[in-house]
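Model the full structure from these sequences, guided by the hints.
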Amino acid sequence: MSAAPRALTLVPRLVLYDGVCNLCNAGIAWVAKRDTGKSIAFCAVQSRSAKPYLLASGTTREAVLKRFIFLQEDKISEASTAALEVAGYLNFPWPLAQAFLVVPRQIRDPVYDYVASNRYRWFGRTQKCQVPSAEVLERCIDAAELQAASRHDGPKGQQ
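Positions 1 to 159 (this note's numbering) are the ones given, in order, by the sequence shown.
Keep in mind that the hints were calculated from the coordinates and are not lab data.
Hints should not be assumed to be uniformly reliable.
[What the hints assert, rightly or not] Here are the simulated DSSO-like cross-link-like pairs (lysine-lysine), alpha carbons at most 30 Å apart as the crow flies: (1) Lys66 with Lys38; (2) Lys33 with Lys75; (3) Lys66 with Lys33; (4) Lys128 with Lys51; (5) Lys66 with Lys51; (6) Lys33 with Lys128; (7) Lys75 with Lys38; (8) Lys33 with Lys51; (9) Lys51 with Lys75; (10) Lys38 with Lys128; (11) Lys51 with Lys38; (12) Lys66 with Lys128.
Now the structure itself:
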């Protein structure tokens with residue numbers, strides 16, 4: 001008799017982000033620095049490690065490339081709502097930003113979408129997922145995958 005399949009254990013709070021976007025990578029570094037409790041993990045949507053989270057959230061890679069996703073224990077948020085909910089896990093004073101959740105999404109999201117649709121032009125992008133600093137990398141569920149790709153491509157592979 002074979003053992004029952006093990007249940008997939010997903011991290012309780014995860015930011016799925018565009019790993020080739022310079023703005024997105026700067027954003028996760030910014031969040032990691034202010035989340036000293038290390039309550040939020042990160043995963044580039046381009047990595048294989050993102051697949052179970054995409055399936056669990058019922059979203060697609062293409063959707064995350066337009067709007068980052070914040071997965072919490074029992075909640076999925078995107079765009080400006082995700083950014084404001086992430087703020088709730090950061091050191092003071094950043095949780096105060098959640099007060100902007102009273103502003104309707106119909107007002108917040110167009111601003112988010114405008115920046116998101118111009119981010120590559122304004123901030124640039126890389127050809128492959130970027131490997132974050134060691135402090136951020138330790139919180140990436142796809143750390144081994146990012147490092148392996150970096151070693152395989154050599155120093156110029158991330159440009």
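**Asked** Are there hints from earlier that the structure breaks, and if so, what are their numbers?
**Response** Per hint list: zero violations.
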